Every structure is written in C-alpha cells, then in structure tokens.
Amino acid sequence: MKPFSPSSNKAVASDPPRDHNRPMVLLVDDDVSSLIMAEGPLEDAGIQVVQANDGVEAIAQFKKHQPDLVIMDAVMPNMDGFEAIAQIRQTELGSHVPILMTTGLDDLDSITRAYDEGATDFLTKPINFFILPYRVQYMLRSKDTADELRSSQSRLDNAQRIARLGHWEWDIASDTATWSLEIARMFGFDNRLLYGSMESLFSKVDPSCRKEVRQNTELAVESANSITLEFDIFGRHESDIRFVRLEAEPKLDSNGNCTHMLGTVQDITESAHAQKHIHDLAYYDLVTGLPNRAQLRENLSQILHWSERQENQFALLFLDLDHFKQVNDSLGHDAGDELLKQVSERLAAVLRESDTLSFPEGEHADNSESNDTVARIGGDEFVVLLGCINRPEDAARVAERIAESVREPYLLADVEVTVTTTIGISVYPEDGRDSESLMKHADVAMYHAKENGRNGYQFYSTDIHEHALSRFSMERELKHAITEQGLTLLYQPKLDVLTGRTVGVESLVRWNHPERGEIAPADFIPLAEETGLIMPLGRWVLNEAARQVQEWKTQGLGVFSIAVNCSPVQFTQGNMIRDIEDAIINNNIDPNLLEIELTENLFLHNIENGIELLNNLKELGVQIALDGFGTGISSLSYLKRLPVDKIKIDRTFVKELHHDKGDEAIVSAIVTLGHRLNLSIVAEGIENLEQLNILRKLNCNEVQGYYFSYPLSHSDFTQWLEDQEDPPAKTGTG
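Start counting the sequence shown at 8; every next residue gets the next number (the working numbering).
It is possible that some hints are incorrect.
Derived DSSO-like pairs: lysine-lysine, alpha-carbon spacing no greater than 27 Å straight-line [said to hold, decoys possible]:
1. K150 / K132
2. K625 / K647
3. K560 / K457
4. K211 / K132
5. K218 / K150
6. K668 / K704
7. K625 / K668
8. K348 / K457
9. K457 / K447
10. K150 / K211
11. K447 / K332
12. K704 / K647
13. K132 / K218
14. K447 / K486
15. K662 / K625
16. K332 / K283
17. K348 / K332
18. K332 / K457
19. K348 / K447
Just the calculated beta-carbon pair ranges, DEER-fashion [unchecked claim]:
20. S204 / M44: 30 to 38 Å
21. L147 / D38: 51 to 59 Å
22. A527 / N616: 53 to 61 Å
23. K348 / G195: 33 to 41 Å
24. E360 / N616: 52 to 60 Å
25. R414 / L476: 17 to 25 Å
26. E99 / D247: 47 to 55 Å
27. T427 / T469: 44 to 52 Å
Don't read these hints as lab results, they were simulated from the structure. Quantities reported herein were computed from a predicted structural model and do not represent experimental measurements. Ideal Cβ placement from N, Cα and C applies to all residues, glycine included.
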C-alpha cells in the first residue's frame, strides 16, 4: 500500500519499479478512498498498480509506465476521464490498451460518450472491489488475445509485403469486397480503408484489359469455377504500373451456388521482367535487339501454319552485307557492331505495315511486335519475313527498297562508310513448305546473287525471278509510255436503241508497245493500280477524252457525252475530284459531256463514303454511270441511295440474252428497276440483231458492242461520225 499524506489529500506519487512478470494497471480517480480500496485487491491478485488523481496526471503516468490496462474515473477535476481517454487513444501506445471506465453517472448519454471516446468497458459505482480483480484479469486475457491477433496480423502483413502477395474476399450478394493491407498498398488505396466494392479493384486495372478481367471474374462467379488472370494495374499514380497475377476460387452454398470469391493478388512485376530478360537473352540478338535464329524459327513456324490454313503466299528474304569484313578489319569490331545496329534500324524503318506479318487477333502466340519480321541470324546476315504477298514481285519491290536504304552512307567513328546488301528470296509454297527448305533456298538464291555481282537480289526459282524482272520492266516501260505519249485512246460509239443515233462514246485506253506489240488492258491496268501509276495514267485519259470530245464538237461532228472508266484506286489513293475538275477547266468543256464510269468495288467497304464521293462528283456537273451492274453484291440494296445517272448492264447478261430466258428476266428486271429510279439503262456487248431486238423490246435506252462498231481510233471514229446520216450535231441532241 502506498502511504497517504493527509496534508495533500493525495496519494504519494512514488513510482515503483516495473515488474515485467506482473501485469500493470493504471488507477485514475480523484477519490483517494476509491484508489485505496481498489489497489489492495488488485495487488493481492498479483497485479502491479500505479495511480493518478486526474486526467492530466493519468496521461503522464500512462506515457511513463505504459500500463497493460487503465481504470479511469469519469468525473475528475482539471481533466475528466472522457478527455483523458481521448488523448490516450491518440498515442501510439494507447491505441489498443483496454480502458475500463468507472462512473457514478447513470445516464445512457455518458455511457455512450465513454464508448465513443474509446472506453473498452465500463463499471458503475459503487464498485465491488472484491470482484474488480476478476473483471481486470478477464480484460487482460482479452487484451493478450487481441495482442496476439494483432501480432499475427502484423506478421501476416509483413509476410505478404515481402512476398508482394495480398488476399481479398468478395461477397456476391452485397457486392462488397474486403482486402488485406498489401492489396491496399499494391492498388494505391488508403491503408486505413480495407473494404469497398469489387468495382473499386477493377477501376485500378489497365483500361486496355479491364473489360476482359471484369468479364472473366464474373464468368467465374456464374460458373462457380476457379480463375487465374495476369494483367497490369495502376497504383497511386498512372505511372506506377504493376503486373499482377490474380487467383481466386468460389465459396459455394449447399445448392452449389457461388456466394463468395476468395482470392489473392501477387505483384509479379520483377518476376515478369526477369523472365522477359531471360527470354530476350535466349531469343533476341544482344547487338541489334532483333530476334535471333531461335525466335525466327518460332515466327516462321507460326506463319507457315497460318499460311497453310489460309492458302496464302509469303516470302523470306535472306540478306547478307557486302564486304562487311572490311569494316570490321579497318575500323574495329565496335564500328562493326554500330553498323549492324544502324542496318537493323533501317530495315525496321523501311518495312511498311503492308509488308509485315498480319496475324488475325488471337493467332499470334506471343503477341510479338511487328519488327519480329526482321531477324539477325548471325554475323552480317539478316532475314526478313514478308506476310501474305499477292505475287512474288511484291517481295522483289521490298527487296529493292531494302537495298536502296542499306546503301545510303553510314557515319562510323567519324568515317563515312557505304555498304550494300545482297538478297536471296524464297517464296512459300513454291520454294518450300517448311522452315528449313525456305531458309536453305533463300540462302542459295543469295549466293547466286553474289556470284552475279552482289548488291542485288535473286529469287530461288528462275521462273519466278524472270517473271518478276518482266513485271519490273513492264512497270518502267508503262511509266515511260504515260509520260512520253506512248498510250492511245480508242472510241466505241453508244447508240440510242430506238433511233440508232450516236448519243455517246466510251473511251478505251490502249498500249501498243514498240517491242512487245499490243498489251492488253487486263495486263497493264492491274499493274498500274498496284504501282500507283494509275493516277498519272487516269489523268492523261481524262484530259485526252475531254480534249477529243470538245474537238469533235468544235468540228460540228456532234454534241455527245464521252465515258471514261475510272479505277477505285484513283479515288482512294489520289485526288480524283480535282483531276476531273482540271480536265473540265483545261479543255473548256460542258461538264455534262463527261461521263464517269465506276464499278461497285468503290462502295462495297464504306457505302457512306461512296455516297459522299458521288455527291461531290455531281456537284462538278458530270454524269455518273455504274459499270458492270448486276455482278456485285451490293447493287440492289444500295442503288436507290447512289446519286448516279446511268447503270450499265454487264455483258455477261447480254451474251446469251437471245438463248437464255434467265438472262432475259434479269435484264428485264434491271431495266424496270432503273426506270423506276429515273435512271438511263445502257447495255454493252451487243453482237447480233437478236440481242438488239430483245433490248429494244425491254425498253433499254442505249447500246454498244461489236454489232455496231469495234473500238475505233480517233480518225476512224471521226469518219464514223461523218458517215452518220443524221449526226447529233445536226439534230441538236446531246
């Protein structure tokens, strides 16, 4: 028992040394008798006691002794028990210590306030001091249990922090989720907030895969299955990106329905980076960063399987730098490595999107970047994979671009160096159906090219090589023919079905090669479209046709329209509106005399853009004819929306018109439909009187074909016009 000083009316504040073998209780009360009455039973129960007479002294004693439990009176001078509890709870040591409040107050508000301020339990006065030690021991046992739980939780939190692994639980019915401290740290949440909705977790997932993660998680709930997902998340900032693995399993009720999902999330960023680094060391070249031979083998295997299923062609280009050894020997290996880096950069830059592999979504196993189409397989040797080529000469064009890029000068160790490359080309499936054959044959082709003087390319197949050279030669010669007036226009008249008068003419481009002779449009027009030469060719045809029809008008030979066939490529890759406008202005013709013939291919992929284009043409004042009508897939569904003036019945329906009732029914339907839409109907390919009579019976408007005239030269068509008994110029029709 502590001695009592009557003069001070307070307990003597002597501080006994802390006995760590016994629990310590801080008694706080301004009533000395209560302190004395409580201290005895507590000490008899083996509990060490320190005292305080008011709230201020209680806080000081608490900080000094760090007791295991506090018994706090409610009403005291200087600072009452409520305020003292509040201040103790704000300290780090006092956040979890049990506090038993004693009060003579019997109102519920005081009890409620005690709990609000942080009291663990309360006792009303008068206190049964003999029972008090049992109450205290019970609270101390509860404290020990709580301390052990907190210690375990702390150990778990530390273990999860070290393992970068957190756990979570989702209550499906209430759509609430709880998570561990490591989850909060990982996802950038407030560490004091360890619950929320599942959507709050989803909101931290990278937007590019958020929908997929949400759907897969919800599907796991519906199917009551476990799930494993890997994805990126954002922490507190969008720059704090982590790669995580989520694993979860369902908790089921007696009916087998999922009521909860129990899961973990582990931060595997460093592990993923390490795995990628190991993968890169195994599959990527250290000098250039390009795929090595092992990665090339995987990529080549994928495109082989895909091309076999799709029945597509692809090409393999085997590149070797000419005289690379001289660079190494004269400037050193560092300069040689720098040259290899710059060459790899040029190879990646020179390849276009249309050159590289283009797997459908989900078919590329490792989602490799497009530069995986270029690989360094050793020394100064590179391989380029070209996906889905239309014809072998496409590969040759890429080879020419590569050779041109590689031969540009390099600056190495302050020395300007020029190197060239020799390229061998193998084509799937002609030159091989497996990786080994394609690589070997491209290598053989490359050595053949070196034997022929280096700085060039060679196909493995002689026939393919010669065909590609022929196509390139034709391309150069076509370009020369366009610029040097090597093309001509022929003219085929169009006649009114009822009167037989010439009401128009179709212009047809021809190429009479000085050495090859007449080259069919079916051969050089596709070439022009592929190479972009269709733009200058089309401009020449437009201007020549406009000039000629104006010349015939000036000569008094007739006022009629002239039709010009236009390729969809002219509209999609060129500025066709401007080209047509220039032809009208430069030749000073009435726009209505110019008839633009288009095929349905221009509208198939984007009807709205097609309609806008046609409206722009109509604003120029020209006529628009839909050529080859009936052979496409969109004519009937879109015809009513297309602002055209004429539709031309394809010759395939006219050829057997006099023998095939089915063709007659189709032509009749087209004519009726066109007239209902206020369109003029033109039939081409008329070769006999029977076809003409049927078309006249069906009320077709205009006809053309060999029955009336083959395509004629300028002079022959001029004579044709002069020979007409009633030429359009004299009747005033146009």
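Hint by hint, here is what the structure shows:
1. For the hint linking K150 to K132, the alpha-carbon distance of about 24 Å falls within 27 Å, and the restraint holds.
2. A hinted pair counts as satisfied when its Cα atoms are at most 27 Å apart, and K625 with K647 qualifies at roughly 16 Å.
3. The hinted pair formed by K560 and K457 fails the criterion: a straight-line CA distance of about 61 Å is larger than 27 Å.
4. At most 27 Å may separate the alpha-carbon atoms for a hinted pair to count; K211 and K132 exceed this at roughly 54 Å.
5. Restraint check: the Cα-Cα separation between K218 and K150 comes to about 46 Å, which exceeds 27 Å; the hinted pair is violated.
6. For the proposed pair K668 and K704, the alpha carbon gap of about 14 Å is at most 27 Å, so the pair holds.
7. Between K625 and K668, the direct Cα distance comes to roughly 36 Å. Violation of the 27 Å bound is thereby established for this hinted pair.
8. Between K348 and K457 the CA atoms are separated by roughly 23 Å; this keeps the pair inside 27 Å, and the hint holds.
9. Between K457 and K447 the alpha-carbon distance is near 15 Å, which keeps this suggested pair within the 27 Å criterion.
10. The straight-line distance between the Cα atoms of K150 and K211 is roughly 38 Å, outside the 27 Å bound, and the hint therefore fails.
11. Restraint check for K447 and K332: satisfied, since their Cα atoms lie roughly 23 Å apart, inside the 27 Å limit.
12. Distance restraint check for K704 and K647: the Cα-Cα separation of roughly 25 Å lies within the 27 Å cut-off, and the hinted pair is therefore satisfied.
13. Our distance criterion of 27 Å between C-alpha atoms is broken by K132 and K218, whose separation comes to about 62 Å.
14. Only pairs whose Cα atoms come within 27 Å are accepted, and K447 paired with K486 is rejected, the gap being roughly 36 Å.
15. Taking the CA atoms of K662 and K625, the gap is about 32 Å. The hint is violated against a cut of 27 Å.
16. The straight-line distance between the Cα atoms of K332 and K283 is roughly 33 Å, outside the 27 Å bound, and the hint therefore fails.
17. Restraint check for K348 and K332: the C-alpha separation of about 16 Å stays at or below 27 Å, so the hint holds.
18. Distance hint between K332 and K457 is fulfilled; the C-alpha atoms sit about 15 Å from each other, no more than 27 Å.
19. About 25 Å separates the Cα atoms of K348 and K447, which keeps this hinted pair within 27 Å; it holds.
20. Checked against the given bound of 30 to 38 Å, the beta carbons of S204 and M44, roughly 53 Å apart, lie outside it.
21. About 24 Å separates the C-beta atoms of L147 and D38, a value inconsistent with the hinted range of 51 to 59 Å.
22. Taken as a hint, the range 53 to 61 Å is violated for the pair A527 and N616, whose Cβ atoms sit roughly 31 Å apart.
23. At about 39 Å, the beta-carbon gap between K348 and G195 stays in the expected band of 33 to 41 Å.
24. Against the hinted window of 52 to 60 Å, the Cβ-Cβ separation of E360 and N616 comes to about 21 Å, which falls outside the hint.
25. Look at R414 against L476: about 20 Å separates their beta carbons, and that is inside 17 to 25 Å.
26. At about 29 Å, the beta-carbon gap between E99 and D247 misses the expected band of 47 to 55 Å.
27. A hinted range of 44 to 52 Å for the beta carbons of T427 and T469 is inconsistent with their spacing of about 23 Å.
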